[in-house]
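Fit chain V to the given chain Z structure using the hints.
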Amino acid sequence: MKRFAQLIQELELSNKTNDKIDALVAYFNEADERDKPYVIAMFTGKRPKRPITTTLIKQWAIELSGIPEWLFTESYHSVGDLSETIALVLPPAANSIDKPLHQWITELAKLQGKTDEEKKEYILTSWNNLATQERFIFNKLISGNFRIGVSNKMLVNAIAKQSEQDANKIMHSIMGKWQPNEITFKDLTTGVHVNTDNSWPYPFCLAYAIDTEPENLGETSHWQAEWKWDGIRGQIVKRNGELFIWSRGEELVTDQFPELHFLKDELADGSVLDGEILAVKDGNVLSFNILQQRLNRKTINKNQLDNAPIGFFTYDVLEYQSNDIRTKPLAERRLILEKIIGSLQTRNVVVLSPVIAFETWQQLAEIRETARNINSEGIMLKHKESIFHAGRKRGDWWKWKINPYTADAVMIYAQKGSGRRANFYTDYTFAVRDGEKLVTIAKAYSGLTDKEIKEVNSFVNKNAIEKFGPVRTVKPELVFEIAFEGIAESKRHKAGLALRFPRIARWRKDKNVDEINTLDDLKALIPAVE
Amino acid sequence: MALIQFTNKGIYCKQGDFYIDPWLPVDKAVITHGHADHAKWGNKSYLCHTLTKPVLEERYNLYSNVEVLAYNETIVINGVKLSLFPAGHVIGSAQIRLEYKGEIVVVSGDYKTEYDGISTAFEPVKCHTFVSESTFGLPIYKWQPQQLIFDHIDSWIADNHTRNKTSILVAYSLGKAQRLIQNLKTDYPVYVHRTISALNEAFKKAGVDLRTTIQITPEIKKEELQKGIVIVPPALADGRWIKSLTNPAIGICSGWMAVRAGRRWRSADAGFALSDHADWPGLLNAIKATEAEKVLVTHGSTAIFSRYLNEIGIEAEEVKTQYGNEEAEEKVEAGTEDKVKEKQ
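Chains as they are written, first to last, in my numbering: chain Z, 1 to 530; chain V, 1 to 344.
Check the hints yourself; a few may be wrong.
Quick list of in silico lysine-lysine cross-link-like pairs, DSSO-like style, CA-CA up to 30 Å [claimed, not checked]:
1. Z/K161 <-> V/K165
2. Z/K120 <-> Z/K228
3. Z/K451 <-> V/K320
4. Z/K2 <-> V/K142
5. V/K9 <-> Z/K454
6. V/K165 <-> Z/K16
7. V/K9 <-> Z/K2
8. V/K14 <-> Z/K462
9. V/K243 <-> Z/K16
10. V/K185 <-> Z/K462
11. V/K294 <-> Z/K467
12. Z/K491 <-> Z/K281
13. Z/K467 <-> V/K288
14. Z/K153 <-> Z/K46
15. Z/K186 <-> Z/K58
16. V/K142 <-> Z/K462
17. Z/K153 <-> V/K243
18. Z/K99 <-> Z/K49
19. V/K320 <-> Z/K462
20. Z/K58 <-> Z/K416
21. V/K320 <-> Z/K467
22. Z/K58 <-> V/K142
From the structure, some residues in chain V lie toward chain Z, with a derived Cβ separation under 8 Å [as the list claims (entries may be wrong)]:
23. A2
24. L138
25. R194
26. G262
Simulated from the structure, these hints should not be mistaken for laboratory data.
A quick note: this is a predicted structure, and the numbers were derived from the prediction, not measured.
From the three backbone atoms N, C-alpha and C, an ideal C-beta is built for every residue, glycine too.
Just chain Z, same shape as in the assembly (with noise of 0.2 Å):
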């Protein structure tokens, strides 16, 4: 393990894409070949199932260490994640063992279903024979949990380097399904399991926000425009009789769209579809917050069915009579989508994301300002020859978004960060003023710069009026703009409003409490639609 406590030391060092995969490229070239699927399964948030909970992880950790739970959870909010915060108050180890990453992670897969005593006599004995470090990665292998900076893309990269195989195949193969105590590193580079595999998605083609006047991409007639919908990227896949509903985030999520189930019976074998995973109601795109009641659950009531109903947008095709026809123009793409959509039986549920029509690059700009009223953020454009990238790719399809709404409102509430941010303030709630009260609406941890942020803690720790456990309350005089991407009504929050996706855009110095918006302001942004 102590080759990969070395690459993970390495990787959380460098904040240059190179370096890191250089040093994934170093690392697969010389581990223990049984560890590298293990690794690979890791990275890509392919999780065995937790043998322990993090509770008793939690209170083993207290009891070893000797120090009160409060302290522990102090400790918790200056270091920022959990395994570390264990690794770092037990006791120093008595003694050093060193076993391979494969060895570790088949012998806590065992702990499955053995009784908590002997669960807490393995723990305790590992904490007791690893370094701090190694005893962090021992953490995080229980947890399975490994966030550090290491995307899809960047390591199929280093994979690809490493193991000189074409990037893309690479990604298919560890984004298929295979166990990495039945694959070999080789045969997972090289592929031999997808063939077999029928649920395999294809690497999503994703675009950059447009950096350009629309003006310089040229001729308006190159190219297709679509509305950009606000949900959630979804590949459908039929092979062999079975239907696969997968998301951008390359999770399975078949089960939670019923509504898309009757593909099973009326989409030809061999077909691949992409678009968006919406909540539709009598034809209207419903926004994402309505949406949002349909995610991540295990199981669906018809309250739930019926105020959100699924609806799929699909904008491309991907696969079509068992052929992959990603290197086909997106022209002749689109057609073949017209007709497999056009083939199917149940109407207006997988429908075609409309093309919008347009003459001059000025027409369209007017076209997109109207898109907020359809619950849509913006426009892409696709050029007519684009082929379907694996992953991000500059210069054929580009996001053209609205400008994000804005608020002004004012710092009331700070919290320290977690991971590279722990041990400063850097989350933050934010009010508007609603007559003489201030009442909050968002909070956003993200848009500030390093330096920024270490003005806002030094506010924060010369001014906290109060505090409830990591939270400080603060005197209401930081003036920050607010962007978002939409406004809705809840009855959740206090405000009665819920912004989608708030952040800081700027921080005002140049303006103080008095000049902040008001709900009212807020409230009139809602849209009529809902």
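Coordinates of chain V only, in the frame set by chain Z:
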């Protein structure tokens, strides 16, 4: 009447009419050590340890009105017996012991309990009231023995040399820099920033036996720096000069590096948890050794640390002071350095 009180200017001893580490100008200031959040410019007179005087001279051009004491030496001010004991924090750092009519108070400033090879080793002093810092007052902070850390730094430097990288260590001009210079293996020449060099020279003149270092000047070629070790204060760590060096590898030496978030926050190539402050066990052991009836916690994790002390049966209270976290310290340090430069 308490022997010391906390006022808006600093820690005040009414009976002796002097302040300890005042943050606003006063007539008589007793200084624990030379870091800028403890030793401020602008007081009418100073009393400090013999080896803090060179720092005041170098940083503030203070050549008069500075009275010095050696460790264990006592003077009496209006009936208050005042003596200094080593705090082990940086060269010249002292705990200030006050005794009046049988009551003993110790103001420790900043301290660490492990001997660092260059600052006189920390000595616990029995007292009724102990004023303590708590910079690293959380059980997550437990330092490794310094030899292990230096082995680690030495091998990092050796590795950088094989990869043609320039090793840059980031350390406070006062304290950490001298500690590195004295403890690193002597395989390579050590190049130091002007502010560090100036302090080194001042210490040498005062009789401290410091290893020879070379002040960085524009004339020194980058290839030479690459073959040696470069030490700079934190204010320069993110600067353009460092980025202009040959394959720079930056190693930050600070207690905050014990936590991953601290390492990532600073975006360094390496972080070494080397601190001049006491760690959690260090704080607890030091406090227990004083046998104090009351502990006043001045800066750091004050709320948490004092709550814990109370829970384990040591009466403690948090007090508000302006002694800072290291971030503030380094900013002030850099600022002062520039001011002094302008004056010269």
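Which of the stated hints cannot be reconciled with the structure, identified by number in ascending sequence?
Hints 2, 7, 10, 15, 23 and 25 not satisfied by this model.
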